[in-house]
Amino acid sequence: MLKMKNTVLFGLLAMLLLSSCLPRKDSGLISLFDGSDLNEWSLGPEGGFEIIKGELYTRGEEGNDLFTKKWYCNYVLSLEFMLSEVGNSGVLIRCDPESAWETGVEVQLLAPWTPWRDDLHCTGSLYGHVAVANRPDESTGIWHKMEIRCDRNAIRVSVDDSMTTLANIDTVITMEDKLICGAIGLQVNHAEKEGQYAKFRNIYIRDLDVVPEYVCEGFYETDSVFRSQAYTAALNLGAEMVELLALTMSGEDPLAISGAKQVLFDIVARATDPQGDQKYEKDVAFALHNSTDGASSEIVKTYLVWLSGMIKNDTDE
Amino acid sequence: MKSGTNMKRRSFLKNTAIGLVGLPLLSSTYPYIAPSDKIRVAHIGMGNMGRAHLNWFSDFADVETVALCDVDEVRLGEKLKLLQEKHPSTKTDTYTDFRHVLDRKDIDVITCATPDHWHALVAIMAFQSGKDVYGEKPLSYSVHEGQVMKRIWEENEAVFQLGTQIHATDNYHRVAEIIQSGILGKIHTVRLWKTGGSPGLGYPPVEVPPDTLDWDMWTGPAPYQDYTPVRCHGSFRHFFDYSGGVFGDFWCHIADIVSMSISPKGLYSIDTRGERPWDGIADTPRWIEADFKFKDLDLYWTTIPPPVPGAEKMNIGAHFEGTDGTLTCDYNTKIIRIGNETMDDIAEIPKTISRSPGHQRNFLDSVKSRQQPESNLGYAREMALPMYLALISFRLKRKLKWNSDTEQFEGDPAANYLLSRAYRAPWSLPG
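Each protein sequence line maps, in turn, to chains L and P. Residue numbers for the first sequence follow my numbering, so the first one is 106 and each next one is one higher. Residue numbers for the second sequence follow my numbering, so the first one is 145 and each next one is one higher.
Among the clues, some could well be false.
[Claimed, not checked] Derived Cβ-Cβ restraints for the label pairs, each shown as a range:
| # | chain 1 | residue 1 | chain 2 | residue 2 | range |
| --- | --- | --- | --- | --- | --- |
| 1 | P | Ile448 | L | Thr337 | 43 to 53 Å |
| 2 | P | Pro570 | L | Arg261 | 22 to 32 Å |
| 3 | L | Trp176 | P | Lys437 | 29 to 39 Å |
| 4 | P | Lys541 | L | Gly140 | 39 to 49 Å |
| 5 | L | Ala259 | P | Gly575 | 31 to 41 Å |
| 6 | L | Lys174 | P | Pro453 | 19 to 29 Å |
| 7 | L | His226 | P | Ile448 | 29 to 39 Å |
| 8 | L | Trp411 | P | Asp247 | 29 to 39 Å |
| 9 | P | Asp415 | L | Asp388 | 20 to 30 Å |
| 10 | L | Trp411 | P | Thr550 | 43 to 53 Å |
Derived from the structure by calculation, the hints contain no laboratory data. Glycine is no exception: its CB is placed at the ideal position from the N, C-alpha and C atoms.
Only chain L is shown next, with the shape it has when bound in the complex (with noise of 0.2 Å):
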């Protein structure tokens, strides 16, 4: 009985341990794609894409590939498609639109036709540079799920709800100048058959560097280059970082303490810019008065206590 009590204790103590950073509420998906219009998209001038019936259509004629106009980091996509007998498409990830092959990787979108389909290069691969461990249904004609996952350095792709790639990028070496930020693209459809298509319905994305859970996980990150997009993605989240990173300089981890103490300071300094927004500075103060009446220990208290002046400083006058 004591035991369990003990493992019970344990258990707490490992949750609130861990609490920082737990996920709290389901962020929502955005959509890119809903079947009206192609806002979040710069279409090339040659085209290529269109609407017809609320699905987004590439055919095996000219056109140039459509890339989101804003760029992402961290995020899960989510996306419908459907090939044709000899379609030939992708997704392009953390790409730079001005040499997306260079920049970015594809996923790959390929109906079973083209003798070269290996593992490497066929539905669901990075392609050319991390093959399938399962092969998904290639069936044409029919509808599939895709979901891709960029996290920080493993990129998950998953069709029709079954794993196909996990790719640790670290370990793949033609993926070692990739960048890790960056606009995601559809190729055009590559088959120059006439009649041929690839057609994509109900493209969301879960932009993960929106999430404060998330964005906090990356302050434990040991490669200095994840945990500089952490310590961004939270200067830019500002108020909704506060009270987690006052968790998380209560922790027991050097790495997580200093970063969470720098951004904070960032935070901070950024909401008393006397040209800054002025609902940033306001949600701010708010947010690290609350994380002071909370902070459980006495160095975190000081420092929020310091912070808030600095930042009561600027209302007060």
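Since chain L is already given, all that's left is putting chain P on it; use the hints.
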């Protein structure tokens, strides 16, 4: 106000100094100086600079090393041993709390080589106890501390020398003479640089401080943090909790030559670029570039040497641009370049500035004469001020406007907030 006892002791020292000047040749090689005529010195902070202080001061015939003080008993013991080896007859007491040193009425002078966040309070409390101070750079942790230091220094008519020993060199005096001679015309731009920045220092776990170290006292007025060795001896400077990094450390060594030569006035704008380290808990600049606008001068600081001839070989240097020519000089090699020519000197420029007898000697002479030494508090504070403002701009990541009359930033309350830092109890600055 200073105590009557100290007043008397000072008058006595002053009279003695005059007496010695009157009879200069009585015993020129080893002048006998009666114990009562000696300047009684205590050293606070026994790290590497403390050891330098100890070596420098204990070698003067008119100095009696009375006390050593450090919050680290190991360091204290080591330095006492060094002193005893060098001067076997020394009778020196040791303390771990500097307040006990300041309580002693028989001490005339303290030198301070504590970490930066202690500089101001140690000096201020020393002034209040009637002592003169030879204090290490940087002058203080914050701008506000410097202001209070100056006030208390004036109120107590104390003597203060900042430990920028480079100031005393013939080279710095000569550079100032060349610039003041007008040969370069009117100086409109100065470029200062110091290569290297703060390392990250990794992510060490917290530890229990050693029994021999009073970590709470070491922390003093700074915000309390759990102990880890890199926060303490030798690398504390890379934390904004205690200091301003390599930039804050070296600023006054090379900005000194600018103040000596042209004492720029009317600073009104500060803008910086830079980054923190990415590989550790340290948070002071890994690199920093600062642009300062004075009334008649643009001053630039960079972490890499500016693109001017000769600068690439200098780790810490200054480049003056005038209407009629340029001059490049540095901290280490003592090379002077005029335009593209390297030279030892320009013989036709007369010596107009009297030379220092050495930085520590200059201070000790001042203690006797009651005249302020060359790097006195008024001079040193003005010279150091832009450095603090640049660090605030670095931390806030924005350009700042400065009013040099009111010593306040304009339209930026948060920047003004960072001009001072509340002390951790029980420590406080005089109101």
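Cross-check of the supplied hints:
| no. | hint | in the structure |
| --- | --- | --- |
| 1 | P/Ile448 with L/Thr337: 43 to 53 Å | violated, 25 Å |
| 2 | P/Pro570 with L/Arg261: 22 to 32 Å | violated, 56 Å |
| 3 | L/Trp176 with P/Lys437: 29 to 39 Å | holds, 36 Å |
| 4 | P/Lys541 with L/Gly140: 39 to 49 Å | holds, 43 Å |
| 5 | L/Ala259 with P/Gly575: 31 to 41 Å | violated, 57 Å |
| 6 | L/Lys174 with P/Pro453: 19 to 29 Å | violated, 48 Å |
| 7 | L/His226 with P/Ile448: 29 to 39 Å | violated, 46 Å |
| 8 | L/Trp411 with P/Asp247: 29 to 39 Å | holds, 32 Å |
| 9 | P/Asp415 with L/Asp388: 20 to 30 Å | holds, 27 Å |
| 10 | L/Trp411 with P/Thr550: 43 to 53 Å | violated, 24 Å |
When the structure is compared with the earlier hints, violations turn up for hints 1, 2, 5, 6, 7, 10 and for no others.
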